[in-house]
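2 protein chains.
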Amino acid sequence: MSETDFVHPKAVELGKLAVRMTSVAGSGHPSSALSLTHIVTLLMYRHMRWDPSDPWDERADRLVLSEGHAVPIIYAAYADLGGMVGRSREDAHALTVTDVEQLRELQSELDGHPNPAEGFPFFDAATGSLGQGLSVGAGLAAAARTRGIEKRIFVLIGDGEAREGQIWEAADFVVDHKLSNVCAVFNCNGEGQADDVSAQQSADALERKMAAFGWEAVQIDGHDPAALDEQLGRVGSTRKPLAIIARTVKGWGAPSLQEGNWHGKPPKRSDLEKVEAELDETLSKLGGGGGSGTTRPTAPAQARPARASGGEKAMVSFEEACERNGFGAALKEGKLATRRAYGVALTELGRVDPRVVALDGDVRNSTFSDMFLKAFPDRFFECKIAEQNMVSVAVGMAAGGKLPFVSTFAKFLSRAYDQVELALIGRANIKLVGSHAGVSLGPDGPSQMSLPDVAYFRSFSRVDDGSGRNACTVFLPSDAVAAYRLTELMARHDGMCYMRTHRPDVSFLYPFDASFEVGGSHRLREGADLTLVGSGYMVTVALEAAERLAGEGVGCNVFDAYTLPLNCEPVLSAAKETNGRILVVEDNYAGGVHAELAEAAAAAGDVRVAGMTCRRVPKSGRTAEDVLRLVGLSVDDIVSKAREVVA
Amino acid sequence: MSETDFVHPKAVELGKLAVRMTSVAGSGHPSSALSLTHIVTLLMYRHMRWDPSDPWDERADRLVLSEGHAVPIIYAAYADLGGMVGRSREDAHALTVTDVEQLRELQSELDGHPNPAEGFPFFDAATGSLGQGLSVGAGLAAAARTRGIEKRIFVLIGDGEAREGQIWEAADFVVDHKLSNVCAVFNCNGEGQADDVSAQQSADALERKMAAFGWEAVQIDGHDPAALDEQLGRVGSTRKPLAIIARTVKGWGAPSLQEGNWHGKPPKRSDLEKVEAELDETLSKLGGGGGSGTTRPTAPAQARPARASGGEKAMVSFEEACERNGFGAALKEGKLATRRAYGVALTELGRVDPRVVALDGDVRNSTFSDMFLKAFPDRFFECKIAEQNMVSVAVGMAAGGKLPFVSTFAKFLSRAYDQVELALIGRANIKLVGSHAGVSLGPDGPSQMSLPDVAYFRSFSRVDDGSGRNACTVFLPSDAVAAYRLTELMARHDGMCYMRTHRPDVSFLYPFDASFEVGGSHRLREGADLTLVGSGYMVTVALEAAERLAGEGVGCNVFDAYTLPLNCEPVLSAAKETNGRILVVEDNYAGGVHAELAEAAAAAGDVRVAGMTCRRVPKSGRTAEDVLRLVGLSVDDIVSKAREVVA
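The listed protein sequences derive, respectively, from chains A and B.
Heads up, the first sequence is in this note's numbering, so the first residue is 1 and it goes up one at a time.
Heads up, the second sequence is in this note's numbering, so the first residue is 1 and it goes up one at a time.
Read the hints as simulated data drawn from the structure, not as lab findings.
Small disclaimer: the values here were computed from a predicted structure and weren't measured.
Hints are not guaranteed to be accurate.
Any copy, or any two copies together, can satisfy a pair, since identical chains are not distinguished.
[Said to hold, decoys possible] Straight-line C-alpha distance at most 30 Å; calculated DSSO-like pairs for lysine-lysine:
| hint | residue 1 | residue 2 |
| --- | --- | --- |
| 1 | K374 | K268 |
| 2 | K240 | K265 |
| 3 | K641 | K265 |
| 4 | K285 | K265 |
| 5 | K641 | K576 |
| 6 | K268 | K332 |
| 7 | K374 | K332 |
| 8 | K335 | K268 |
From just these sequences and the hints, can you work out the full model?
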């Protein structure tokens with residue numbers, strides 16, 4: 001009896017369980033699950049080196065289910081193996097085959113799509129929005145390599161989802177970074193949700209494409225245990241990364257789930273017996289029953305790696321950091337761009353925290369992450385012009401014990417907002433830094449300016465991630481000192497953070513030893529008539545307006561609201577001393593600091609808040625001031641509005 | 001003398017002009033522009049059939065500059081040809097070679113990156129965020145085909161930007177839809193911004209990849225006029241779409257712009273003469289000077305097509321529409337999902353407006369755009385699982401005279417937010433419809449739920465697009481009647497619209513002849529103690545809460561805030577009759593209707609506004625009610641909060 005004789009019986013057993021759980025839950029994707037049943041059986045019982053009682057083991061091989069909707073087949077195998085589930089190691093318990101009937105229940109760890117955050121630690125990232133898994137796998141592989149861990153990453157990709165461009169971004173990244181411990185398994189069942197998969201995503205087409213992208217591509221029958229066994233056994237030992245193009249059958253083994261459109265549709269409970277009988281019949285036709293061979297996975301053999309740690313040592317002072325990173329002159333000149341200060345901070349952070357890695361998308365000489373590259377070439381990952389892949393790679397790296405800082409133009413980060421949200425759903429501890437935000441970019445025009453970003457990230461900052469923390473924290477540094485300290489704060493803060501930096505050099509607004517905190521704001525100027533609140537670049541503009549207003553006899557408090565969620569109380573309190581009047585100025589579209597303060601004020605009812613945000617889609621202008629004028633945010637505009645508010 | 005002898009002299013002339021304009025502007029990308037100089041010369045002077053005095057001509061061949069930063073070379077050619085610029089046909093004037101020195105000026109039509117909205121009608125879409133052009137080109141080609149216009153679309157793509165996955169989504173789409181009148185020209189100069197382009201984007205790699213994607217791929221020297229002439233001459237007559245992989249030199253002709261990193265950096269004005277001398281010397285080495293052959297493009301020969309028009313005829317009544325589209329029973333049952341009503345509306349819209357086309361991403365049986373497919377198979381475009389491409393294709397279609405409705409899950413639209421913003425910058429008249437929004441999706445979990453979308457689109461709804469209109473209008477239908485009428489409103493409204501539909505069937509809240517307007521809201525219930533405001537699915541929940549509260553003696557106004565920007569005045573006025581108290585309930589993250597009303601109330605200062613948005617990142621629950629409870633939006637939660645607000 002061959003070593004793969006256990007496969008058909010196990011595949012049928014898992015298939016039955018997968019169908020059953022969707023039927024009990026009343027929703028889910030049994031037919032997609034059935035198409036993966038042999039692949040998952042060979043991976044989870046034989047090829048992956050892992051221990052079901054310790055899914056947190058960093059040495060273990062990992063599986064990324066990119067086509068997240070097929071997850072019932074994983075839950076079935078995991079339950080059969082008694083894998084541990086739970087929101088923490090302390091609370092964990094072994095999953096049973098009865099538990100799986102809780103699929104998609106509010107209290108269950110078995111979410112509709114993979115999500116480690118809700119208690120399924122076998123997965124490293126939330127998936128379910130398609131096309132993201134190969135990038136996550138690449139990030140896991142890269143993190144393992146930098147930590148000297150020898151493990152393999154298996155990524156299961158649907159044929160239909162291979163239409164997502166991100167798959168091809170990831171394919172390039174894997175080759176660029178020589179991550180041949182990543183294996184892409186394409187599940188070619190030929191059927192999408194609404195229709196057949198396009199001929200552009202046929203097994204033949206995918207084989208041609210992967211080969212053209214520099215992978216070794218092999219096409220096999222995805223229900224042939226011997227063929228799967230042979231190819232999966234090669235992973236990690238091929239010169240090029242291996243892509244296994246597996247031809248499969250949607251609803252494998254159960255003819256009644258193959259006729260008509262069964263995508264995302266479980267059988268009625270009354271039809272379950274029939275489907276199970278079909279699966280049994282399929283098995284008996286294959287001559288199955290019993291079967292020996294491996295039926296438990298092997299645990300990893302390598303010694304446990306040192307625990308990833310860091311973040312204890314403090315960064316040096318801002319002055320020292322500037323001096324030793326080539327910006328000593330700026331200290332005397334009295335000005336430095338926030339993006340440059342970010343480069344300085346990232347580099348200093350690298351020195352005190354070995355977990356820190358940096359990713360950039362071909363703009364490192366603009367975001368200043370190139371300073372980190374020079375200091376730590378092995379911890380820098382050039383992702384080229386492919387932001388979606390970059391964000392999902394960072395998610396994989398975070399799951400692999402790294403602390404990834406992702407930088408590009410803030411505008412280009414918006415290319416990856418779907419990936420950002422999946423990262424947030426899976427509670428990935430990644431740090432996003434968008435440069436050239438707002439309109440101060442001037443001549444390059446609106447295609448390079450990030451403007452809805454503050455509203456977008458604020459929406460996350462106001463929601464609990466399920467563990468009692470806000471799902472995302474936003475940092476809006478107004479000067480280089482703030483950018484330096486807020487970069488440090490991001491590293492210390494557990495959870496997703498977004499920071500916005502600006503292109504122009506700006507004068508220092510803070511003493512070099514100023515301190516900052518999550519939720520905080522600083523009063524930079526006092527006055528009796530109006531509380532003027534700015535963020536980022538607009539703090540400089542607001543201070544200039546305040547100076548002008550002072551000349552007209554209008555005294556302004558000026559606040560720098562440098563984080564979201566913002567603790568609004570100090571600002572509202574201060575406003576009570578300025579006749580209850582606040583004016584917020586922001587170089588972004590509506591929905592940022594103004595909305596934050598307006599919501600707080602409208603709830604309390606004793607302070608009035610006016611706001612100025614970008615009022616026109618920008619265009620190019622030769623200077624930042626030109627564009628600020630166009631969008632209604634010049635010093636003149638603020639002075640006029642302030643007069644109106646205090647009148 | 002051959003027909004291409006004019007090319008080298010013209011290329012040098014245009015190159016000089018491109019360098020000059022960036023030098024005068026003090027910013028821009030001269031070296032990228034120089035790498036395209038021969039390609040642009042052959043296209044704009046010889047191969048494209050177009051008339052510089054009528055860039056609006058729908059019969060004309062089109063050029064899409066995907067790598068938008070190289071735009072100075074287009075401006076140079078356009079000025080040399082005296083092409084018309086202007087924000088409208090009436091205000092247009094011929095561009096001159098002196099005008100180009102206004103590059104990136106606030107008043108100039110020559111923005112830093114291509115943008116038709118600011119007065120450069122030669123372009124069809126804003127580009128500059130990379131990787132979007134091939135999709136736009138595909139949309140232009142598809143629109144032309146449906147209108148019987150024989151034209152060719154040339155898309156210029158940078159090698160570095162070919163890393164963006166969207167390029168590969170577009171490559172698939174072009175093949176799927178047999179758009180062999182699209183030509184992709186890859187500008188392989190080998191240099192990115194921060195570093196060399198990856199070997200994964202070398203000319204050889206791109207040739208292999210495009211061939212694997214089903215294109216005819218040819219590799220040539222991009223500065224060889226004869227080779228370019230030959231290949232460009234084949235466009236439209238090949239069996240497969242043609243990809244021309246052109247090896248080029250960044251900073252062609254000017255050695256001083258080739259040493260070191262000149263990406264995005266113009267020479268100083270004092271160095272201009274030197275660069276011009278270098279270009280002259282390059283020309284003399286090539287034996288150039290003078291030269292005959294074609295030096296003006298040829299205008300299109302085909303007869304002018306009928307003007308695209310539509311939108312005059314009214315849609316039939318909601319009842320009739322339901323009856324004749326298979327939802328007659330719903331009228332009696334008294335309930336229908338908003339997404340189903342969208343399918344009905346889209347189909348009826350198709351009947352009265354021939355411009356309407358529909359695009360979907362393999363979920364048409366969930367969004368109900370499949371109803372449109374059945375009625376109008378030639379006007380439906382299945383884009384498969386590739387949302388970025390889908391949105392940019394729609395932009396191209398809109399530019400080609402169509403009225404595209406793009407539907408997918410609202411969550412998956414977020415995959416294309418960068419493309420959405422570029423569409424908005426270029427003022428593309430596209431309609432985006434996201435289904436399964438909010439948490440009422442229940443069992444499928446957060447990876448399928450759209451939650452930051454309202455904040456994101458609201459940020460656009462509050463900004464002027466430069467022509468006096470808000471850049472985006474958001475529609476939030478609460479029932480099927482609203483969804484039907486708001487779909488019609490979207491078609492009538494000139495400019496980008498976003499509509500959010502929900503999965504569950506909901507009871508009719510409106511009489512079948514109810515009417516709706518942009519900025520409007522409806523009061524669905526009256527009460528004296530509290531003004532309760534909901535949107536979308538939450539209106540149904542709010543009405544249930546109001547009923548419960550009435551039983552406790554708390555009378556509620558209930559408003560349906562169905563659009564953003566919202567005319568807040570009626571709601572605030574009504575609230576004054578309910579002790580100045582408003583409670584807003586939304587099944588999305590913060591930044592939507594609550595922020596809208598809070599900003600208005602905080603400015604006026606006489607009404608207090610509380611808000612309830614999704615307070616936790618959701619997970620799966622078996623029912624919508626389960627998940628509403630988890631995120632703090634159940635009827636119980638609303639009733640408690642209402643009690644607190646009125647206390």
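Against the structure, the hints come out as follows:
1. Proximity of K374 to K268 under the C-alpha cut-off of 30 Å is restricted to the inter-copy arrangement: shortest distance 28 Å between copies versus 60 Å within a copy.
2. Taking CA atoms no more than 30 Å apart as the test, K240 paired with K265 passes in neither setting, with 38 Å inside one copy and 38 Å between copies.
3. For the homomeric pair K641 and K265, neither the shortest alpha-carbon distance inside one copy (57 Å) nor that between copies (38 Å) is at most 30 Å.
4. With identical chains, the CA atoms of K285 and K265 are at most 30 Å apart within one copy only, with a shortest distance of 26 Å there and 70 Å across copies.
5. In this assembly of identical chains, K641 and K576 lie within 30 Å of each other by CA distance both inside one copy and across copies; the values are 19 Å within and 27 Å between.
6. In the homo-oligomer, the alpha carbons of K268 and K332 lie at most 30 Å apart only across protomers (27 Å), although the nearest pairing inside one protomer, at 75 Å, exceeds that limit.
7. Proximity of K374 to K332 under the C-alpha cut-off of 30 Å is restricted to the intra-copy arrangement: shortest distance 25 Å within a copy versus 70 Å between copies.
8. Within a single copy, K335 and K268 get their C-alpha atoms only as close as 68 Å, which misses the 30 Å cut-off; across copies the closest is 24 Å, which meets it.
Comparing the model with each numbered hint stated earlier shows that hints 2 and 3 do not hold.
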